[in-house]
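Going line by line, the protein sequences match chains W and A. Start counting the first sequence at 1; every next residue gets the next number (my numbering). Start counting the second sequence at 1001; every next residue gets the next number (my numbering).
Please keep in mind that the hints were generated in silico from the structure rather than gathered at the bench. This structure is a prediction, so every number in the text was calculated from the model and none was measured. The reader is advised that the hints may include incorrect statements.
[Said to hold, decoys possible] Cross-link-like lysine to any residue pairs, in silico, SDA-like; alpha carbons within 25 angstroms at most:
(1) W:K41 with A:R1036
(2) W:K17 with W:D98
(3) W:K3 with W:P111
(4) W:K41 with A:P1008
(5) W:K41 with A:T1102
(6) W:K3 with A:G1098
(7) A:K1007 with A:Q1028
(8) W:K3 with A:A1096
(9) W:K41 with A:I1012
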Amino acid sequence: ELKVEQNPLFLSMQEGKNYTIYCNYSTTSDRLYWYRQDPGKSLESLFVLLSNGAVKQEGRLMASLDTKARLSTLHITAAVHDLSATYFCAVLRYNNNDMRFGAGTRLTVKP
Amino acid sequence: SAVISQKPSRDICQRGTSLTIQCQVDSQVTMMFWYRQQPGQSLTLIATANQGSEATYESGFVIDKFPISRPNLTFSTLTVSNMSPEDSSIYLCSVASGVGETQYFGPGTRLLVL
Chain W
1 ELKVEQNPLF
11 LSMQEGKNYT
21 IYCNYSTTSD
31 RLYWYRQDPG
41 KSLESLFVLL
51 SNGAVKQEGR
61 LMASLDTKAR
71 LSTLHITAAV
81 HDLSATYFCA
91 VLRYNNNDMR
101 FGAGTRLTVK
111 P
Chain A
1001 SAVISQKPSR
1011 DICQRGTSLT
1021 IQCQVDSQVT
1031 MMFWYRQQPG
1041 QSLTLIATAN
1051 QGSEATYESG
1061 FVIDKFPISR
1071 PNLTFSTLTV
1081 SNMSPEDSSI
1091 YLCSVASGVG
1101 ETQYFGPGTR
1111 LLVL
């Protein structure tokens, strides 16, 4: 069974600091996604990572994928308050179109 | 990305009743999905709805409780039947242009069952 674990589940950061969110998954996957969810809102797609060593960056967020370690990271650089949200990773296996979400990381950036 | 709308955006229902949630997309999409999200929790896939075929349900979800329709490539409905307070949740539809493609999510329907 495909399992996805994120950590930490809660993260409180000071503005300007750096931090990394980790996403581990249990079996071989075909794609990995990162989403953002603001309170009371739906999910916004951030990144899709397709292959080992893939790295994508958008503003202060950078996502990477290591398929051998079954690990993806979401790195936050010089955090700002606007990044406060819940971040989910999700992993897809093609053969049965099985997509599982991690528990989410609730990020709070404090001034 | 597609523009997705859901109706209703929120509802308060009495136990034992049923509610049908609509999901409309502004372009034709191959795949549509229905998820449930408990407050403060992650997403759980209920079923995959592809046009022209029966919906595929995940373990723990059954058609009698969550009947789904997919009459065309831009529209789907999810019915929550014989509701109980445990069905109180956010119900989200998402769409994808094909297997493995990024899923885009609707705004969600917030359901409270009394």
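TODO: Could you check the structure against the hints above and give me the numbers of any it violates, in ascending order?
DONE: The structure conflicts with hints 2 and 3, although it agrees with all the remaining ones.
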